[in-house]
Every structure is written in C-alpha cells, then in structure tokens.
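Q: Make a model of the complete structure from these sequences and hints.
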Amino acid sequence: MRIMRTLFIFVTMLCLNPILLAQGDEYPINIFGYFQNSFQHWPQSEATTTHPQYLNPTEQSARNFFNLQQLNLFLSKDISQHWRAFVNFEVLNTFSSQRQWGSFNLEEAWVRYKASDQFSLKLGLLIPVFNNLNEIKNRTPLLPYIIRPLIYETSFSEFFSAVEEGAPARAFAQVSGIIPSGKAKLDYAFYVGNSPNINNEREIAQTGADTTDTFLIGGRIGLRLKNFKIGFSATHENVNLHFVEIGIARYDFIYNEVSRIRLGSDLSFHLGDFSFAGEWIAANYGDISEIRIDGEISKDSRGETSFDGKFYYGTLGYLIKERVFPYASYWYISHDFTYIAAELPLFTAVGITTIDGPTVGLSFKLNDRITFKGQYLSVSIKDEFPIPFSTIKLVQEQRYKIFAAAASVFF
Amino acid sequence: MKQFILTISCLTLWINGAFPQVAVIAHKSVPVDVIEKSDLLDCYTGDKSFWSDDKRVIIFDLKEKGDTRDAFYKYLGISSTRMKSIWMKRMLSGDADPPEFLESEDKMLQKVASTKGAIGFVSKAKVSDKVKMILLLPREGN
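Protein chains in written order, with our numbering: chain A, 1 to 411; chain B, 1 to 142.
Quick caveat, the hints were computed from the structure, so don't treat them as lab data. If you're wondering where the values come from, they're calculated on a predicted model, not measured in any experiment. You can trust all of the hints, since none of them are fake.
Covered stretches of chain A (in silico footprint by chain B; criterion: 3 or more residues with CB under 8 Å from a CB of chain B, positions within the stretch not fixed): (1) 81–89; (2) 108–122; (3) 136–150.
Ideal placement from N, C-alpha and C gives every residue a C-beta, glycine not left out.
A: See below:
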C-alpha cells in the first residue's frame with residue numbers, strides 16, 4: 001500500500017510538472033539548422049568529338065529548375081562538462097519519398113569526450129577530418145558557393161561517383177586535438193571507420209550494418225599560424241569495384257577489396273580582406289583482382305587497368321564591407337577508367353576523364369541568418385580513349401554553362 | 001601656436017572620450033589574474049575551452065556594435081565578422097556553442113559575475129568588485 005501511495009505521489013508530481021526531470025539539467029538541448037534553395041539555368045550543352053565515326057556525344061537540352069538543394073537539422077547537447085552529443089540529419093534535392101526525389105540521410109550521430117583542448121575522442125557516425133573542406137563541405141552558410149568544388153558537391157552524389165571517392169564520407173571513431181607550439185598551433189586528427197562498400201557475403205548487397213574485415217583508417221596533421229593554415233591528410237581503405245562490359249562476350253571486371261590510398265593537402269589564409277583556400281587530393285587504387293569472361297576467370301587478359309584520380313581546387317575572394325564576398329575559383333578532376341581496346345584476345349586500356357570548372361560568384365550576407373548567392377560556372381567533361389600502340393586518341397567533350405542563384409538560411 | 005595646442009588637446013580629449021578604455025573581466029573563480037593577448041584570442045576563437053582548473057571557459061560578447069566592442073576586437077586583431085564565421089563553423093561542426101550575445105555592458109557584468117568560468121569585456125568605468133579584471137586594454141592610439 002505504501003508503495004502504491006509513493007507511486008501515486010510520484011506520478012501526480014510528474015503530471016503536475018512535466019519539466020520536473022529537466023529542471024536539474026544544467027545543459028539545454030540546442031536545435032538549429034539551415035537550408036539552401038537555388039534556381040539553376042543550364043543552357044544547351046555543346047558536344048564535340050575528334051572522331052565522329054566512333055564516338056557520338058549528344059548535346060543536352062537546356063534546363064531550368066528550382067531546387068531545395070539541401071536542408072540540415074542539428075541537435076546538440078552537452079551531457080556534462082566533458083561530454084557532448086551531436087546529431088545531423090540531411091535532406092537533399094527537394095526530398096520527397098512520394099515522388100522518389102532526393103535523399104534523406106543520417107549524416108552524423110556521435111558523442112564526444114573532450115578531456116582537454118589537446119585531446120578529444122568522438123565515437124559514433126561522424127564526418128572525418130580530411131583536408132580543409134571535408135568536415136564542413138555541407139555547411140552551406142559557411143560557403144560562398146552554390147555549386148561547390150565537385151567532389152564536395154553532395155547534391156550531385158546521386159549522379160556522380162567522384163563525390164564519394166574523393167574524400168572520406170564517414171568514420172566511427174576519431175581522436176583529435178590542438179597542440180600549441182609557440183605562436184603556432186598543431187592540429188591532429190586520426191580516425192577509423194568501415195571500408196565503404198565491403199560485404200563479406202558478396203551475394204547480398206551492402207546493408208550499412210555488414211560485418212567487414214577491412215577498415216578505413218585516416219588522419220590529418222595541420223599547422224596554423226595566425227591567419228595561415230596548412231594541412232596534410234591521408235586515408236587507407238579497401239573497396240569493392242565491379243562493372244560489366246558486353247562485347248562479343250560478357251566481361252565482368254571484379255575488383256574485390258582493392259586497396260585505395262588517398263593523399264591530400266590543403267592551404268588557406270587571410271590577408272586583410274583577401275582570402276584564399278585551396279586543396280589537392282590524389283586517390284590511388286591497387287591492382288585488379290580478376291576479370292571474368294562469360295563467368296570464367298580470364299588467364300590471358302592483357303593491357304593496363306587503372307581507376308586513379310586527382311583533384312584540386314583554389315578559391316580567391318575579397319570581403320567588401322563585411323557583407324559582400326566576390327570570388328573566383330577553379331577546380332579540376334581527372335579520373336582514370338579501364339576499357340576494352342580489343343576483345344580477341346582481351347586487351348584492356350586506360351582512358352581518362354577530366355572535368356574542370358572555372359567559376360566566379362558572389363555572396364551577399366543580408367544579416368547573420370540570410371545569405372544570397374550568385375554563381376556562374378563553365379564545366380567541361382572530356383573523355384579520352386588512347387588507342388594502344390598508336391598515338392591516336394579518341395576524344396569526346398561536353399561543355400556546360402551554369403547560371404545559379406540561391407538563398408542560404410540559417411535558423 | 002596657442003590655437004594649435006588647444007586644437008590638439010581638444011582632439012586628444014575627444015578621442016579618449018570617444019573610445020573608452022576597455023577591461024577584460026572574469027568570474028572570481030577563474031584561476032587567472034592576468035591574461036595574455038594570445039590566450040584571450042584563443043578563448044574567443046574556441047581554441048582554449050578549459051581553464052587550468054578544468055572548468056570550462058564561458059565567453060560572452062556584446063550584441064550591438066559599439067565603441068567597447070570595436071576596441072575589443074581591434075585589440076584582438078580580428079574583425080567581428082571573421083569571429084562570427086569562426087563561431088558558425090564551430091557550431092555547425094558540433095564543436096562548440098557560440099558565445100551568448102548580451103544587450104548591454106551592465107548585462108555583461110551581471111552575467112560574468114554570476115557564471116563560473118566566464119569571461120567578458122566592459123568599459124573600465126563599469127568594472128565592479130563583483131568580477132575580477134584580468135586585462136586592461138591599452139587606450140586607442142596609445
């Protein structure tokens with residue numbers, strides 16, 4: 001009976017004061033986020049080729065569209081003086097499950113133990129530190145761009161694999177810190193995560209919770225001195241690559257647990273109202289595992305294979321009256337691909353895709369919450385197919401011009 | 001000549017009057033009696049988030065632009081816009097919360113006095129014995 005009475009008093013108190021349990025909570029939960037709406041005009045593309053008898057690139061018709069490029073919602077809470085929890089939901093490309101547009105992702109959910117400024121440990125789903133931009137690539141209020149340097153343009157990730165290949169997207173444990181050294185500061189971060197698409201049971205597609213026996217490891221060492229920042233990053237992981245080509249026979253190019261090493265460096269500085277940010281990344285893949293012809297492992301395939309890639313960008317801007325930021329930027333990607341140059345016997349060759357995009361733009365900060373942006377981008381996508389044992393190279397190119405306007409809102 | 005000296009004196013008085021001397025203040029529990037400029041900058045950029053006694057550094061800022069705030073950021077050698085962008089980056093990457101922006105210097109004094117580990121800035125004339133002054137910024141032009 002006494003237990004019932006105590007329970008009754010407890011429940012009554014809870015009902016009368018629903019925030020009772022929260023009263024002793026020193027640290028409130030913070031909910032905030034941002035979104036970026038854009039309008040893009042793509043005039044008809046130009047398509048050219050050096051060998052129209054072999055290659056037939058087609059022009060893309062003009063397109064105009066509004067798009068909710070991105071919306072992020074964050075929840076953060078200090079659990080105690082040294083512990084913090086953080087969750088980041090991300091919605092891309094006017095997400096609608098009804099229309100099967102865009103995507104909705106849980107980007108981050110981690111808890112951090114910060115022992116001191118020199119050492120903190122993050123556990124859980126996190127975006128690892130890699131070069132200058134990776135960790136904040138999706139933070140549109142921080143960036144002047146509408147269309148970011150391509151490997152960081154998450155809203156293209158549904159269509160363009162280099163977005164996932166260029167920089168690590170997620171890790172699950174990270175240690176980091178700042179070590180002061182005189183007037184300079186040394187930043188470090190080391191992390192571990194899953195290899196992105198390894199599945200021990202090959203027949204089953206990856207579920208996101210597979211047992212893997214290979215891991216992503218990586219890190220960044222950086223140096224800061226006043227307004228000058230430089231860093232070097234590296235990752236190693238294994239990836240599965242698999243693609244099929246049909247010619248006289250069916251060719252399965254199977255790359256299981258291929259080693260991938262990314263190396264990166266970044267440089268950024270402020271000089272008065274001028275600012276510069278630049279990065280370089282190289283992704284190198286190990287050797288091919290096997291090529292199957294009509295299901296049988298080929299013993300006599302010859303030629304070269306490669307998927308290596310390179311990327312760099314540089315942005316120079318000038319801040320006017322603390323509100324207007326005009327900038328000029330240039331980014332470049334080159335990406336090897338393997339193709340069948342001859343079928344009998346099988347002979348593979350390595351082609352190269354290069355994408356470059358000079359761009360100019362302007363961002364205008366209306367206030368601390370709202371930023372308007374404009375950008376013009378000229379993109380060239382060029383595929384080159386060298387013919388083995390000759391100097392001939394088949395080339396096709398698509399050129400796009402993109403005019404974009406956007407509003408980025410922080411709430 | 002007299003007129004020239006008078007003009008210079010008036011100008012000096014006007015400048016000193018226009019830009020009040022700014023004091024950096026801290027909660028009495030903060031284990032620092034004098035703060036270096038570099039440490040102050042680290043506190044405000046978020047690079048220093050703990051005091052030597054393991055208490056968290058809590059920073060306060062003024063909401064509106066004014067002589068006190070201008071003098072403070074000028075001393076730190078960083079524009080308030082750049083500082084806001086540093087804080088936005090820290091906030092959006094989940095690293096830390098931005099400082100609380102207060103309406104007035106009186107409110108700043110009150111908040112620093114009542115918050116353990118807190119640090120802020122007010123004009124020297126506002127400093128009271130409820131807080132401790134850990135740095136007096138040089139006068140503008142000195």
